[in-house]
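K.L.:
Below, each chain spelled out in residue letters.
Number of protein chains: 4
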Amino acid sequence: MKRLPLGPLYYEYSRQVEPRLRIEPGETVVVETEDAFSGQIRTNDDRRDRTKMPYSNPQTGPIWISGAEPGDALAVKIESITPTIGQCVTRTSDPNQLAQWLGDDCPHGTHVCPISDGQIHWSDKLTIPYAPMLGCIGTAPSWGAPTTLPAGPHGGNMDIVEVCPGNTIYLPVYVPGGYLYLGDAHSAMGHGELSASGLEMPAESVITVHVLKNKRQSGPRIETPSEIVTVVSGCPMERSTAQAFAQLILWMEQDFGWNRWRAYDLLTHVAQLSIGYYGIGTVGAKVAKRYLNQPS
Amino acid sequence: MKRLPLGPLYYEYSRQVEPRLRIEPGETVVVETEDAFSGQIRTNDDRRDRTKMPYSNPQTGPIWISGAEPGDALAVKIESITPTIGQCVTRTSDPNQLAQWLGDDCPHGTHVCPISDGQIHWSDKLTIPYAPMLGCIGTAPSWGAPTTLPAGPHGGNMDIVEVCPGNTIYLPVYVPGGYLYLGDAHSAMGHGELSASGLEMPAESVITVHVLKNKRQSGPRIETPSEIVTVVSGCPMERSTAQAFAQLILWMEQDFGWNRWRAYDLLTHVAQLSIGYYGIGTVGAKVAKRYLNQPS
Amino acid sequence: MKRLPLGPLYYEYSRQVEPRLRIEPGETVVVETEDAFSGQIRTNDDRRDRTKMPYSNPQTGPIWISGAEPGDALAVKIESITPTIGQCVTRTSDPNQLAQWLGDDCPHGTHVCPISDGQIHWSDKLTIPYAPMLGCIGTAPSWGAPTTLPAGPHGGNMDIVEVCPGNTIYLPVYVPGGYLYLGDAHSAMGHGELSASGLEMPAESVITVHVLKNKRQSGPRIETPSEIVTVVSGCPMERSTAQAFAQLILWMEQDFGWNRWRAYDLLTHVAQLSIGYYGIGTVGAKVAKRYLNQPS
Amino acid sequence: MKRLPLGPLYYEYSRQVEPRLRIEPGETVVVETEDAFSGQIRTNDDRRDRTKMPYSNPQTGPIWISGAEPGDALAVKIESITPTIGQCVTRTSDPNQLAQWLGDDCPHGTHVCPISDGQIHWSDKLTIPYAPMLGCIGTAPSWGAPTTLPAGPHGGNMDIVEVCPGNTIYLPVYVPGGYLYLGDAHSAMGHGELSASGLEMPAESVITVHVLKNKRQSGPRIETPSEIVTVVSGCPMERSTAQAFAQLILWMEQDFGWNRWRAYDLLTHVAQLSIGYYGIGTVGAKVAKRYLNQPS
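Chains as they are written, first to last, in the numbering used here: chain A, 1 to 296; chain B, 1001 to 1296; chain C, 2001 to 2296; chain D, 3001 to 3296.
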């Protein structure tokens, strides 16, 4: 099994750097990623030093997948995500939009949480079940080089809990080779990512990558053992919600034989929404697979 | 057990009509409600007739609760919700915000679904598990009389799935007696209520109402067996999401001894969001009770 | 000329109170209005006392206009707005959404500004030209009783600068008699009404009211000497902007013979937007009259 | 006077291409730009051919300004904007968010408009005064390479009418040399850019560029003969409006000696808002210079 070790940290989904690893479709690889703070915080006394690294969410990559061409899609199965130093760290700073209700005196601090026995030790008294996910995964667009802050049709900083072991992430390919990047592993994450800072950890992810030829997607899709999910980012969330629903309906139409207006009717009653970082309006619209094969 | 039968249908949360039922705190009552279409659609051939009734979501009420005064809260435990005619109905019309992606040729139609054996028979082939909820529940404000379309601090048309049997809804009291209204039962509902029309049914709800004295709330709260939830409505959803989180933090501070900034940090990692009708930006922010008694 | 003096102050657009004045179409009347703070602040030492009056923007009315029926529109020409006590007052409190950038230590204060010689004396050094407008004008809906905080199809707290002398405000009629209310005069106002508090003054407005029979409008419209304007309120502002443009296009189609898609093209190049209180997303879309009579 | 002729068209604000022109601070240069459609539409029969060029808004540049360093600002005075082929062109396609009110049958078409005698000949009957502006102007960020669709702290596709002759645009410098790009000239433009397509023209702009050392800005600023303007892009517009106001207040504090809360109070009464392309939430907050030198 190939391994892509930590190396240069990238903060953009750029088509203009040299691929660090080249794989064949169907290969399984291990990818090491640094945490969202670029490793600046390893103890409670450490702080973000923006003079040394002003950006967040370093990515490992890009990975070149043989045969991936514009108009294809990558299918990235996440096999596992493992912490590499047995801990994660989070950080509080300004409460941003919550300042109007809570005040602006949130103490700026960092907070290391050991991970053991399937639990994240958030405090002496409180543990959170280990439920890892990747905040960022994406391909390089042919137009522009998005930073690791927003999300978009290429994926990016989606911060949605469904990017986790057992699930497959489908991403559009915009340039030959696909240029796959990943990073920003969290040991657990809530909906909305309230403070914009997760339980950030350096991690080792095992992924298997396939190429779906001529599978044009307008944005990221996710398949879980029991659901399919479309992901749209962007504010206002009313718009990304509407668009994520529309893409889910079109997916049901194209791949599962549904009439679009019947799907529209059904989803009103059975769809679920999963919200990523609310500040960038990431919305996942989901439907259980059990409904898919019963077009009506 | 007292029963409040169908009677005049109200389409406003008004303090200016005569209470139809007066109860003592702690009483359990049965409340009959008409469906969201005011009963106009009982067969697939029926259509909404807006010339006869232009409004939606008729309410049964108001119920006067003895001793409820401004500054108190009502605790409304929903014991059960039962369909009264063994069926529900839904309706498609214009796709509104989705027209830009799906076109505007959605057939306008109605669709009756029998309910039996715990299943909603949406089509010959596809059933949806019966999981009833109330789209609307609210008290009368002292300022203004909201219609049954929006939601707000008084409750109203929240369309959030947590208003269901087994849960308790806490609502602010603004006028003596509280003036509780409910209606708009759905036999099941997805997040977001995509088409703005649920699986609407006339129903019979059993509720138990207590008064919490001097319990000033800034909006609706819900308690499930395993979670507490704050609900905020209004667009853009980024704002209602932030506000729902802020209210959840303040609830943790006031009732569970949490430091607000520790709660802010925790919720980033463990909160869940439940989205009601996305067109009016209803957002529920939730945290599992298992975390509440471990302030840190 | 009839005069409607100050009397009971109303804080809702309600169809359920007794009209205080009945007029014929075409009549000109003088209407006295209290300021947005219900007259609680007359000196720099006064403060808002919400225990005595928790609501804002008291209205004078309702005025019954003979012959106004649902489906008609009122045309309210504003002839003049005059301060009644030679001063206005403003007030700062929490900076709300700006707290995240500016902090939350805005001093809570009131600030009386004399008005003389066509100038508002905001400070010893700085004067603002007197340019009065009405923050609120509206009719009573048939469904619900909106408070004087939001705006909507009935008008209400639009806080848009075009509601000023020389202009005509067109409002939908929902109930017999129309039930016209007005209040919340400002001696001047910027776009957006940043702090949500204007230069509030008790005032005397002279208005002339006509009835346009069978003139169904989906919301407020304004005619200035040189422009026509549609007004839509509601967040997110992207949606109210789109909707205001759509209503302007439909107005051009219905009354001026424009093809809707030609109007759509034209407005891209020549439309103007006027923003009311940004917190409730009030947007006015405008086009110069000189373009209207050249449909193409 | 140096001239930067048309050359390679760039569709990103990238720091990774070779500067095409190097100038000294204070130099005046002529910059030729292609139209937003990359010159694909010169007659009414031409159509956008996205197979040949899928992107919009080509830029000319980058221009290297000697001595510009991160933390500085560029001051770009626009001296003039002149059409190079005596015409502009616009284009209608899908009505996007307006489809829900207007339907989705907008004819897809192009429309050439001759420019002469200070008028744009939009149709046989209707002319629009020539009032040119640049839809895009910006510097290259150090993090990411934005496309020419969004706008941001670096400038970009702001589509705001104040980027016009006589005004000075202040832009942050993120990388040595600044890397200034411009393009997307319009012969006139309304607020909101309803259809997302302006009156697009190839043009020749004369600009004078100065460097303001150690002038850290959080985003674009504009100075007109009578006003100062801050520009913020991003949805929802409520948020960009609030942020633009906050930046205007901070500018008044830093450069004009205002107390921030006095400025906050003043702007409520006298600020103006100028809306760029509403789909990306570009908002300019403005205050008249006559108020600036009277801090109070």
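I should point out that these hints are in silico values taken from the structure, not numbers from a laboratory.
For glycine and all other residues, C-beta sits at the position ideal for the given N, C-alpha and C.
Hints should not be assumed to be uniformly reliable.
Simulated pairs of lysine-lysine, DSS-like, Cα-Cα distance not exceeding 25 Å [stated by the list, open to error]:
1. 1215(B) x 2052(C)
2. 213(A) x 289(A)
3. 52(A) x 3125(D)
Which chain C residues face chain B? A few, computed with CB under 10 Å, are given here [said to hold, decoys possible]:
4. 2011
5. 2013
6. 2106
7. 2150
K.L.:
Indicate, hint by hint, whether the structure satisfies it.
P.N.:
Status of the hints after comparison with the structure:
{"no.": "1", "hint": "1215(B) x 2052(C)", "result": "holds, 21 Å"}
{"no.": "2", "hint": "213(A) x 289(A)", "result": "holds, 23 Å"}
{"no.": "3", "hint": "52(A) x 3125(D)", "result": "violated, 61 Å"}
{"no.": "4", "hint": "2011", "result": "holds, 6 Å"}
{"no.": "5", "hint": "2013", "result": "holds, 9 Å"}
{"no.": "6", "hint": "2106", "result": "violated, 18 Å"}
{"no.": "7", "hint": "2150", "result": "holds, 9 Å"}
Comparing the model with each numbered hint stated earlier shows that hints 3, 6 do not hold.
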